[in-house]
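K.L.:
Construct the complete structure from the given sequences, taking the supplied hints into account.
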Amino acid sequence: MLPDFSNPADWLPWAFASLMGLSILVYVVLDGFDLGVGILFPLAEPHEQDRMIGSIGPFWDANETWLVLAVGLLLVAFPTAHGIILSTLYLPVFAMLIGLIARGVAFEFRAKARTRHKALWNRLFFAGSLVTALAQGFMLGLYVMGLEQTAQTYLFAALTAVFLTVGYAFIGATWLILKTSDALQLKAVQWARQSLWAVIAGIGAISLATPLVSARIFDKWFTFPEVLWLLLLPLLSGGLVLMLWRLLRRMPLPSDRLSWLPFAISSGLFATAYLGLAYSFYPYVVPDRLTIYEAAAAPESLLIILIGACFVVPTIIAYSILAYVIFRGKATELRYE
Amino acid sequence: MDVLDTLLLSRIQFAANISFHILFPTITIALGWVLLFFRLRFAATGDDKWMAAYRFWVKVFALSFAMGVVSGITMSFQFGTNWPGFMETVGNIAGPLLAYEVLTAFFLEAAFVGIMLFGFSRVPAWLHITATALVAFGTLLSTFWIIVLNSWMHTPQGFEMIDGVAHATSWSEIIFNPSMPYRFAHMVLASFLTVSFLVAGVSAFRWILGDRSRDVRATLKTGVAMAALLIPIQILAGDMHGLNTLEHQPQKVAAMEGNWDTGPNVPLLLFALPDEAARENRFEIGIPNGASLILKHHADGVVPGLNDFVAEDGTPLHPPVSPVFWSFRVMVGTGFAMLALSWSAAFLMWRRRDRHEGRIKGHWMAVEGLPKPLIWALVPMALSGWVATLAGWYTTEIGRQPWLVQGVMTTDMAVADVPAPMVMGTLVGYLAVYAALLIAYVGVIAYLARKAARGADDPANDMTHSGKAQVAALNPAE
Ligand code: HDD
Ligand code: HEM
Ligand code: HEM
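Protein sequences, first through last, are from chains A and B.
Just remember that the numbering used here sits 190 ahead of the position in the first sequence, which is counted from 1.
Just remember that the numbering used here sits 6 ahead of the position in the second sequence, which is counted from 1.
Hints are computed from structural coordinates only; laboratory data are not their basis.
Treat the hints with care, as some may be off.
List time: in silico SDA-like cross-link candidates among lysine to any residue, alpha-carbon distance up to 25 Å [stated by the list, open to error]:
#1 A/K308 - B/E253
#2 A/K308 - B/L444
#3 B/K457 - A/A234
#4 B/K457 - A/R304
#5 A/K308 - B/E290
#6 A/K308 - B/I445
#7 B/K457 - A/R313
#8 A/K308 - B/V450
#9 A/K308 - B/V439
#10 B/K457 - A/H307
#11 A/K308 - A/A388
#12 A/K308 - B/Y453
#13 B/K457 - A/R306
#14 A/K308 - B/V448
#15 A/K308 - B/D418
The structure presented is a predicted model; accordingly, all values stated were derived computationally and were not measured.
P.N.:
Here you go:
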């Protein structure tokens, strides 16, 4: 897995693939929870909805910026792959963008428009979150299927669309356990319990499908001795799921103990699943067609970006953490004052 | 044929998307600084009219920012979905510039905008002011990077072509390409002018509705003064920008002037209908020697003509003439309308200074000095910045055609191989969404203004009917 660090044409694509992978993962966890809150939105009472919005208000913009970074890195580091992937996924990308537009603006409009329009913006906020999640799940499914477009792959993509959507609802619910209290928190625990299955089903379906679709991936996983340490990934996921399951049955604990834990564990679970996926596809960026080395932009241009990234990414992480610290604690209403 | 249809539709779609996107950065770039000004005035004087101004305009900022972000995300996907050839050919140059925009600017804005909007009572004043300043600085930084890229597409340098792919040879030449300083200055000024007229226009609207609060006076004066100060600078910057274009893209200037034949004593056309088939203008009305004077500062200065830019076989190598000619006139016309309005308003308000200002002396401008028609005129001019900015971008971008990157690649080389009906479908989808959002955006700003004018800005008396007041007090992000 490790590149030859003496040769820029070898390690630069690797470094960019890692950076891109990292930003996709951060995006999936962070925007995952705020999309999830949007998906759960209609299940709550109006006064709880304002609290739910309050819990994601200061963060959603920065969360989405990780998507911009991920696409940006794909665009700048692997331009050919960017073209192939996005023009193949033309329609789901369009659906996702419309979804993102709808929820992003509904978020602002619902609080500023006249009262009788508020219900409309609320509905749009939910619909936008739902469409975005479905479209992302659909794209994930097609990607796992090697970007082939047949009836079967569409069916599989439709399944992953549902799994990812419920998965986002799940991580959104665990976020709400952390950020809310009382009746809403109880509901959030309920929602988390009810949606845990989708996370299991989704991870299961993709883990089974990937090696079956591609012989190369099959060999990567099931050769001796790699299979021994690779076994750790499913074991770890299993352990995390078990912990979640037991924890959620007992939540909320007295004096709000451990309310951060479900969110932390589910982030870990998402990361584990993602790691498995990344291992399967490495070194391909377009499955079984184009490797990161074939698709990479010129080394001198990549180096220019990387130097900047080395300074800037830690700063970004630092002030993102600052924002989370400032808005820590239970969510209240949001005011511009 | 198929590719041509896809090409045309993709161009329309790109133009629609970028036109929609640019509307909102145009507001946020300058409004961030204006908010910082309000915030600092409040910190310095403790006068709550500045806080009221801040509270009103921060809502407009939040709304515009969200619109800018979501339409910007659409933009970053457009390159892959519709223009893969662009990045494949010039990706080694465009890539790092776009990457620096995301890394240095977008994250800065996105992280601190939360603190700026919702942190007022959560963080100490210095941190809130710093966050506001960082957001304002971030918008300026994104403008810088994207303008560097756009300017490079007009005046490329600092690269070499190897096997049909551009490779950077000098980043300082790429970043400081010849048209960048002009374009950056002109765009930032455009943004500040857009905001001046927006602030003045919305405040005038509140004034007409009977709002005589001290914050509406303060913002009306701020808007008019800022506009009056900046518009002459903008006209000067525009003129210099044009001279720069004359040097690097003479065919664009020829189209802007509607001049067919190279020669001296070229008139400045006020009206004409360029006819590309006959290669001449119909119904010309112009000022003799005007174009020669402006472009060469000499009545018999030689101005390039479109007929110099035609291939051997007769295909034109210049942009389509009418759209460039007319968008240029719309921009310049709007600019002079801005000059006339802001100067007369500023002058009349200054003449009546020290009077009427709620009987407080010592003001340097009095809103009462404004005659009714002028106040009414300020209201539609709230959108004049958008008109001029779009017209300016159309001049610039259509004027670059058929090139995508001047002299390096043409637009048709970049287009994706997506079926035309699919592009048609998404185009219709985008247009419908944008139209709806634009109506909602303008409607909500008008609503906020009306609500503020009714003095109902305080959410506690937001909903007078029924017992919903408590819910209103919980209104998030309001
Ligand atoms: C409030 C907005 C606004 C106003 C009042 C003006 N402009 Fe402008 N103009 C722009 C907003 C703008 C812009 C949108 O910002 C453009 C498009 C690209 C750019 O960098 O600036 C532009 C482009 C642009 C160009 C095209 C440059 C090129 O790419 O080749 C020229 C020659 C001028 N302007 C000249 C003028 C003149 C002589 C004005 C005198 C009234 C003027 N502009 C007013
Ligand atoms: C710096 C940012 C910008 C970049 C990188 C950029 C890039 C492009 C590209 C790739 C095209 C080719 C596609 C096409 O022909 O439609 C284009 C054309 C165009 N752009 Fe820009 N653009 C930028 C800013 C803008 C802005 C702000 C506007 C207007 C508000 C604008 C208006 C247009 C128009 C109207 C066309 C169509 C020209 C034609 O096809 O005849 N552009 N630009
Ligand atoms: C093809 C060209 C463009 C692309 C791909 C693009 C992309 C984006 C993206 C992705 C965002 C959202 C950033 C976030 O998540 O916070 C954004 C916002 C922004 N863009 Fe663009 N943009 C383009 C053209 C322009 C132009 C021409 C300007 C100005 C001259 C501009 C100025 C800004 C500014 C100031 C923001 C900050 C957010 C805001 O104020 O709304 N962009 N852009």
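K.L.:
It remains to establish, for every hint, whether it holds in the given structure.
P.N.:
Verification of the hints:
For the proposed pair A/K308 and B/E253, the alpha carbon gap of about 54 Å is over 25 Å, so the pair is violated. Among the hinted pairs, A/K308 with B/L444 is consistent with the structure: their alpha-carbon atoms are about 17 Å apart, no more than 25 Å. Simply put, B/K457 and A/A234 have alpha-carbon atoms about 29 Å apart, too far for the 25 Å limit, and the pair is violated. For the proposed pair B/K457 and A/R304, the alpha carbon gap of about 9 Å is at most 25 Å, so the pair holds.
Restraint check for A/K308 and B/E290: not satisfied, since their Cα atoms lie roughly 53 Å apart, outside the 25 Å limit. Restraint check for A/K308 and B/I445: satisfied, since their Cα atoms lie roughly 16 Å apart, inside the 25 Å limit. The hinted pair formed by B/K457 and A/R313 meets the criterion: a straight-line CA distance of about 24 Å does not exceed 25 Å. Between A/K308 and B/V450 the alpha-carbon distance is near 12 Å, which keeps this suggested pair within the 25 Å criterion.
Our distance criterion of 25 Å between C-alpha atoms is met by A/K308 and B/V439, whose separation comes to about 18 Å. With a C-alpha separation of about 15 Å, the suggested pairing of B/K457 with A/H307 holds against the 25 Å cut-off. A distance of roughly 31 Å separates the Cα atoms of A/K308 and A/A388; the hinted pair therefore is violated under the 25 Å criterion. Taking the CA atoms of A/K308 and B/Y453, the gap is about 13 Å. The hint holds against a cut of 25 Å.
For the given pair, B/K457 sits about 14 Å from A/R306 by alpha-carbon distance, which is consistent with the 25 Å threshold. The hinted pair formed by A/K308 and B/V448 meets the criterion: a straight-line CA distance of about 16 Å does not exceed 25 Å. The straight-line distance between the Cα atoms of A/K308 and B/D418 is roughly 44 Å, outside the 25 Å bound, and the hint therefore fails.
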